[in-house]
Amino acid sequence: MKNKSLISITDYSKAEYLRLIEIAEEFEQNPKQQLLEGVVIASLFFEPSTRTRLSFESAINRLGGKIVGFTDAASSSVKKGESLKDTILTVSNYSDLIVMRHPLEGSSRFASEIAPVPVVNAGDGANQHPTQCMLDLYSIKKTQNTLDNLNVALVGDLKYGRTVHSLMMAMSNFNATFNFISPDELSMPDTYKNYLDDQGIPYYEHDNLEEAIPHADIIYMTRVQRERFSDPIEYEKVKNSYVLRNSMLDQTKDNMRILHPLPRVNEIHEDVDSNPKAYYFQQALNGVYMRQAIISSILGLK
Amino acid sequence: MKNKSLISITDYSKAEYLRLIEIAEEFEQNPKQQLLEGVVIASLFFEPSTRTRLSFESAINRLGGKIVGFTDAASSSVKKGESLKDTILTVSNYSDLIVMRHPLEGSSRFASEIAPVPVVNAGDGANQHPTQCMLDLYSIKKTQNTLDNLNVALVGDLKYGRTVHSLMMAMSNFNATFNFISPDELSMPDTYKNYLDDQGIPYYEHDNLEEAIPHADIIYMTRVQRERFSDPIEYEKVKNSYVLRNSMLDQTKDNMRILHPLPRVNEIHEDVDSNPKAYYFQQALNGVYMRQAIISSILGLK
Amino acid sequence: MKNKSLISITDYSKAEYLRLIEIAEEFEQNPKQQLLEGVVIASLFFEPSTRTRLSFESAINRLGGKIVGFTDAASSSVKKGESLKDTILTVSNYSDLIVMRHPLEGSSRFASEIAPVPVVNAGDGANQHPTQCMLDLYSIKKTQNTLDNLNVALVGDLKYGRTVHSLMMAMSNFNATFNFISPDELSMPDTYKNYLDDQGIPYYEHDNLEEAIPHADIIYMTRVQRERFSDPIEYEKVKNSYVLRNSMLDQTKDNMRILHPLPRVNEIHEDVDSNPKAYYFQQALNGVYMRQAIISSILGLK
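Protein chains in written order, with the numbering used here: chain A, 15 to 316; chain B, 15 to 316; chain C, 15 to 316.
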């Protein structure tokens with residue numbers, strides 16, 4: 015993985031997923047190894063993010079690395095009309111690796127093709143967010159003790175949600191069974207379903223949350239956003255149908271764990287938070303170790 | 015004080031005030047002890063602040079600690095509708111201690127009750143700003159060589175000013191005499207005066223600055239803000255009555271020192287700045303040492 | 015240079031330019047010397063900048079220093095009506111050196127006169143940007159192996175461009191010949207031409223880019239901004255006349271290199287980027303080493 019940019023989850027092989035999970039486990043045991051002494055990493059957030067940015071910065075700081083960058087495009091030269099190419103070529107001079115989030119799909123891939131330093135995609139529009147997917151895999155492995163043969167329920171916005179697409183692609187390497195639970199307007203696109211068909215991977219579509227979850231090992235919740243609906247009346251009809259409540263969890267498996275990329279709005283009721291099956295806040299912590307694994311692998315330090 | 019959040023100045027006892035002052039003195043002698051190696055502190059400013067934020071960040075940096083965070087809510091996930099609870103629980107994963115400023119009263123207390131890591135309140139609306147109060151105490155101790163038996167004049171907005179309320183509460187442990195100097199509309203609330211009455215602590219109210227300061231050991235100035243007045247004409251009438259000028263200082267005691275939490279607008283005339291009785295910029299420096307004392311005590315490093 | 019603020023390029027002598035270039039060369043050989051252990055530098059950007067800010071922060075981080083500050087005035091106490099004097103005096107308490115960019119001409123000089131710590135001007139309006147000039151000198155020295163007897167073409171906005179003024183003043187110490195290429199409305203001001211006349215330094219004015227560059231050792235490009243023209247029709251007439259294209263470079267000298275302070279908009283066509291004579295991105299990297307040289311010299315560490 016040395017010197018290789020990470021733009022899409024499909025940039026890595028199954029073997030690389032497993033290796034990164036091993037390294038993340040090492041960092042979880044010892045998160046303060048001073049591996050990044052003297053290393054400067056550029057953190058370029060062309061749109062704001064608390065979670066992803068702070069997770070990366072915490073990961074880097076704990077390893078002794080330094081960070082330069084910006085937290086939104088308003089503090090950057092983009093305002094002066096500078097092209098993304100020029101920004102990336104300039105910032106490459108100031109850093110050993112670039113972490114970037116950008117609203118435009120494909121922008122991170124473009125950056126990785128021109129930058130002399132490796133680029134890690136921290137989200138490019140609705141497209142890819144591979145470090146999120148890696149921390150999701152790590153969270154599944156930690157809670158289920160395996161990635162193989164799991165029943166995975168993906169809930170909410172399956173049409174636009176980049177995290178569910180990436181997770182589905184990654185888990186398709188591990189003999190998973192998928193359940194897709196979404197309103198009609200936001201169902202899993204055909205291109206992904208065709209992919210599963212071609213691979214002979216079973217999947218089931220539901221519009222009822224409760225009936226779909228009793229066999230799940232993992233329930234992966236996502237936000238259903240009002241602005242995704244062409245018809246607001248349609249949104250009002252379905253908005254409460256995809257809310258997970260504590261009362262629904264009795265009928266689920268003991269080993270089942272609930273994941274969410276966060277931030278949530280109301281799709282997981284707060285009464286779930288204290289249920290031991292709720293795992294979304296620990297999931298966020300896993301992001302620190304996984305990002306340490308990704309960065310140190312790319313820099314050739316692990 | 016280990017692992018204990020600091021939300022209000024009343025969270026600490028008189029003995030703890032004195033212990034923190036001792037530790038701050040140690041840091042003033044040696045401000046670059048690398049105590050925070052490998053420690054990550056979250057600095058969450060839901061509203062902007064130069065002074066408090068930079069003071070905390072300087073304190074942490076000088077001790078070798080690292081910082082993650084945001085400088086205003088616009089760069090955070092709050093914009094996406096995330097609850098304060100979720101933000102705090104998530105950020106707890108990224109840090110060993112949270113420093114937070116938030117416009118809502120009570121928000122820091124709430125955060126401290128749900129966070130698995132200690133929280134230091136860096137100002138919650140008009141409510142509390144305990145690290146400011148601790149640096150004020152430290153400044154008084156340094157300039158008077160004692161905290162006991164002092165005459166303290168509090169000037170300006172005594173109704174809404176959180177710093178004067180906190181300082182009054184803290185100094186009420188040290189046999190102080192208080193002089194309150196303010197326009198009628200902004201006088202010290204009854205709840206605080208009742209508290210002093212109950213404790214048998216003497217206080218005097220004035221609406222004339224000059225007549226109130228000759229016996230003061232400490233003059234603590236605060237801003238009188240136009241927006242606090244229901245009647246703008248009332249503001250125009252009083253606005254120049256609470257401005258401290260160099261010519262007023264001849265009649266004050268030699269040991270008297272002027273404090274101000276800053277930023278000032280015009281309530282201390284610039285001709286005071288070069289008077290040796292002006293202490294407000296040194297007071298700001300004391301904030302670095304006191305914040306080093308508070309953070310290292312809470313982390314159990316002192 | 016120890017403890018001396020750097021506000022204008024004319025604050026330094028020719029001997030000091032040469033010494034700083036030597037130190038920058040040392041840092042280029044070894045950019046990760048941990049010279050700034052325990053040092054805190056304030057980075058005060060009252061207006062946004064990617065390049066300059068990230069270059070300074072990368073320089074400081076690579077040497078083990080720490081940074082506190084803000085990236086635009088909106089996150090500072092300026093919004094609360096605080097004077098620049100108070101901001102500078104306060105921040106001086108939090109840092110060992112102040113790097114500042116401010117939209118007002120003269121603001122950095124003012125800051126240096128009141129601050130107890132040294133100030134480095136990172137741009138004060140249209141006035142001065144001396145660290146840019148020093149990295150330009152370093153870039154010229156690296157590409158030409160000397161600063162003496164060079165033919166320097168300055169192109170674009172010569173009326174308002176602070177970088178071209180500073181570079182001209184600095185290079186006037188080294189027996190340069192100047193070519194000024196600009197639209198009439200943006201020609202080099204008389205005060206600079208009188209200075210060259212007084213020193214007996216030759217210069218030539220052109221309004222045609224192609225005819226002016228065959229003898230150049232250095233072509234220094236700058237942006238021609240629409241808002242500089244009183245008459246928009248005038249802008250439309252000239253805007254494409256000062257664009258450098260790859261096809262123009264055949265007739266230039268082999269040793270010629272193209273510099274640009276960046277960001278560019280369209281004044282250097284992208285087809286120039288892969289020409290070996292294009293040097294502007296490497297120039298940006300030189301800024302890291304030169305800023306390391308300036309800061310460590312002022313702090314007395316080199």
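Since the hints were made in silico from the structure, they are not lab data. There's no promise every hint is true.
It does not matter which identical chain is meant; a pair holds if it fits inside one copy or across any two.
In silico DSS-like cross-links for lysine-lysine, where the CA-CA straight-line distance does not exceed 30 Å [stated by the list, open to error]: (1) Lys18 x Lys46; (2) Lys99 x Lys251; (3) Lys18 x Lys251; (4) Lys28 x Lys251.
We went through each hint and held it up to the structure:
1. Both within a single protomer and between protomers do Lys18 and Lys46 lie at most 30 Å apart by alpha-carbon distance, with minima of 24 Å and 24 Å respectively.
2. For a Cα distance limit of 30 Å, the shortest separation of Lys99 from Lys251 across copies, 28 Å, qualifies, whereas the shortest one inside one copy, 45 Å, does not.
3. Taking CA atoms no more than 30 Å apart as the test, Lys18 paired with Lys251 passes in neither setting, with 46 Å inside one copy and 47 Å between copies.
4. Taking the shortest Cα distances, Lys28 and Lys251 never come within 30 Å of each other, neither inside one copy (40 Å) nor across copies (59 Å).
When held up to the earlier numbered hints, the structure conflicts with 3, 4 and fits the remainder.
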